Amino acid sequence: MADNDSYPELKQEFLKALLSLDRIQAERILTDISHLKNAPCSSESLIVDVLETIGTEWENGKFALSQVYMSGRICEELVAHVPVQTRIPQKNAPAMAIALLNDYHALGKRMVLSVLHSAGYAVTDYGRMDVPNLVAAIKQDGIQIILISVLMLPSALHVKDLRQTLNAAGLLVKIIVGGAPFRLNKELWKTVGADAAGHTAADAIDIIDSICREKTP
Amino acid sequence: MTHNSMTSLDRVLTTLGHGEPDRVPLFLLLSLHGAREMGVSIQRYFSKPDLVAEGQLRLRKKIGHDCLYSFFYAAVEVEAWGGEVIHVYDGPPNSGMPFIRKMDQIDSLEPPSVRDTPCLYKVLEATKAMKDAVGTDAPIIGVVMSPFSLPVMQMGFGPYFDLMHEQTDRFDRLMAVNTAFCVEWANAQLTAGATAICYFDPVSSTTIIPADMYRKTGKIIATKTISRIQGPVATHMASGACLKIVSDIHQTGTAVVGVSADENLRDLKQACAGKLTVLGNLNGLEMIDWTEKEAISAVRKAIDHAGPGGGFILSDNHGEIPWQVSENVLMAVSHAVHEYGQYPVRQMESE
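Residue numbers (our numbering), protein chains in the order written: chain A, 826 to 1042; chain B, 1185 to 1535.
Bound conformation, chain B alone (with noise of 0.2 Å):
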């Protein structure tokens, strides 16, 4: 096989084995994009998994990147927990008021069977069908949200705080509850299709919780979830630091980090390397406003940082591009990828 006879999924695994393959992988991570492609509101494109799955179809043939997203959105979970879901025209469905309002609730808390929730069911149906449309060509990247990251959705940031910190038992318990959920989910979108699972988990950042809280809580929580995922994962950090945890993240199985636009992925590459594949690190936030001038500019910068010796896939930082980021600048960042990561990579000091 040459290079150039090279698939997204031959050119990912060569990535992930800290080679070089033909180019850079691009994981344009458009969760919400699909809906504008197929001429429907954003509620209305996440009711019919058919439109999900043509949209990610539609799009990987206009723009040319590297995967398929079967995620819907974060609080596609808290509504599998019978939480409120609020719906807006113009970004993802947000999680509503958190549905655990008092700690005791989590004394008596069980899971959703994954089978039996429609909104998930959902999610595996769009999966199956991206599945059958793209075999082998493409890899499918199936998403689940930590069973240490979920709380704040399930009860808000600042109780989950409190709790981490003064209830331990109603903290464990919790983490054993979300971990069955988490298990079950992942492996379910694993068994319809899904390539790999993206574990979602900003709170174990060291933006969130200081280095040593995160080896004694969402280290330990995620080595032993991750060990029970039947696939590959990429644990994927949400836009929250990372520098300082890489050994860490490395050791609790997972083969990626997704990392923040806030730390120098050159630094990141250089923990990583070896150990970690490096997802990363344009600014999601920043790319509403970009020229394709600018777009250019960053690809080819996050390329000459982090793209030498394989071992990394050009991405967003935070796993979800907004959906006011436009189709010319999208088109751009492929477009800059295409003619800057073909390997080996053209350093930008010597041009």
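The shape of chain A in the complex, shown without the other chains (with noise of 0.2 Å):
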């Protein structure tokens, strides 16, 4: 993160281009800042920060879905375009992928996957799976790190099932969880044996990093 006084002014500017839908805006920032020897921070922290800050005033009711939505929309349409300073992908990161546990409301993973993206992180997407599938897919690929989007509560009580068929076959597999039956009930993500819930979609970055730390020796 910044320490450059001109910071908050740069962080505003780009939250408000971004509120607003203003992409040619966001875009000049970026490139702007892509350009500059002192650059305040990087293209990527500005986006992750204010992406977490859109996230974090959403959960506090400041901010709209919708906004969070287009906001990480745009930001991931910029990372395909402008020269932004990602993250060095990280080698030794854990393999990671996100999916739907049987319902069919993509909203919530196609936000943590612009949040992710938009911070440089590789993340497979399984789209829709039921749990044998997806447990299968994880041990193919040697995921991880599963992170489980869902808007239904019947979808989230299935997560328990995940977690039971991950230990009888032996993965060791972190399961991270969101969406709104976890929003409104602060407790379910450890009744249904997940390792942690994110609130809103930027979320996921701090999870995540916490996780790759724990795997650091």
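Bear in mind the hints are in silico, worked out from the structure with no lab data behind them.
Remember, predicted model here, so these are calculated numbers, not experimental data.
Glycine included, each C-beta is placed from N, C-alpha and C at the ideal position.
Be aware that a few hints might be false.
Covered stretches of chain A, going by a simulated chain B footprint (3 or more residues, C-beta under 8 Å) [to be verified]:
hint, stretch
1, 885-893
2, 923-934
3, 976-986
4, 998-1012
Build the complex: two chains, separate frames, hints provided.
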């Protein structure tokens, strides 16, 4: 994180551009940063910081889900088009994937992917899967962190089946969950045997960083 | 008429008039538990209108709440449009793959005819059977998805946000088609015997879109739609926040607002006082883990915050109590309302 005095203003400017869906202004800010020798931050850290702020303020009731979604989408597009300084691909980072468990509500998954891609993480998108197919894919791909996004309560409860099936197969996989049932019942992630729950898409970054630190000797 | 002789309908009508009836009305919005009551699977239950009607009647008799709920499941409207519905054993049938997969499908989209759509006809049959049995003793609450919120199931949340922000002509076209359907569907339920229509509109909540966007979209659509529904309407935010837009919601012509457990009930009651009856806001997802003691405590707190002065119906915050909530908890909620919801309500601080 930058400590330069101009950073708060820059952050506010980028935040405003995203919330007003001003792609041109958002792109200009990132392009400027990439050309500055003494930029107050990297473009990647600015994106992550602003998306985290938007996610937190959604959780606090200040912003709306549509703003979280559109901001994430714009950042994802910018990362693809602008020479954004993303994190150097972490060669030692655990293999990770994301999936919808049974239900078709893909918004949460897409938002998490936007944030993680914007932050330079490689995440395999499994789409919608049931427990047996998901466990098979996890085993085949050597996945160590699985992110599960759900909207419906029955899907959330199936995380328990996923945990039991992974354990029975001897697969040591961290399960990170997110979605409305886990926001409305703060203890549910523990009940279903997940390792962590994210209340906003940007929470995924902190949780993954924390797991990476645990895994690093 | 004394307070003690009030029927559920009298109790609710007094509440809607912002007066104090004999006790706080209780709406347990139990769409699924009737299947358990009737000893059948959820899928079987919803295949037979007479099972749903009987399930509702038995639940009300057993638990003692103040309404019948003719709602089957949200995805019944997707089914009506030809979309896929996925049945599960432990929850409501869920909408499958969205049926609007390309934006240009909206250009030729036509609404289904309510009378010619078997899944909707079943709901009407169940409503008629409930009305025949209950008469004017208790209100029957029918349900529609708002034209503004239905697209989440028609096309998925992400593509709908894209449409809303980037393709306004197509957005307007979808709203026109959905409004025509919503009005016909609501009025058919009223004709079949529903007392009021619950207008589910979570996308309008400030959890989902900013308040200024609501004023340009969901509010206008709700105002136009509700004016064409020939009966009383309750707007439900299905767990979404609404404190910032209470005055706007009132201006849509609705009489009730279903509120979120994430917002302070006392603040909501104050904002709605004299304008809207507050419906809520027990946390249905936490209810799964409640003990009976916790249920009683939650009911007392809600009544304490929103009961005084009338204009409050105790309910859950989502409009659909999860299948996993036990009968013991539901009974505890009901007993607590009968015990602590008598008017004038006893304030917790005074005890």
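Hints versus structure:
{"no.": "1", "hint": "885-893", "result": "holds (count 6)"}
{"no.": "2", "hint": "923-934", "result": "holds (count 6)"}
{"no.": "3", "hint": "976-986", "result": "holds (count 4)"}
{"no.": "4", "hint": "998-1012", "result": "holds (count 5)"}
In the structure shown, no violation is registered for any of the earlier numbered hints.
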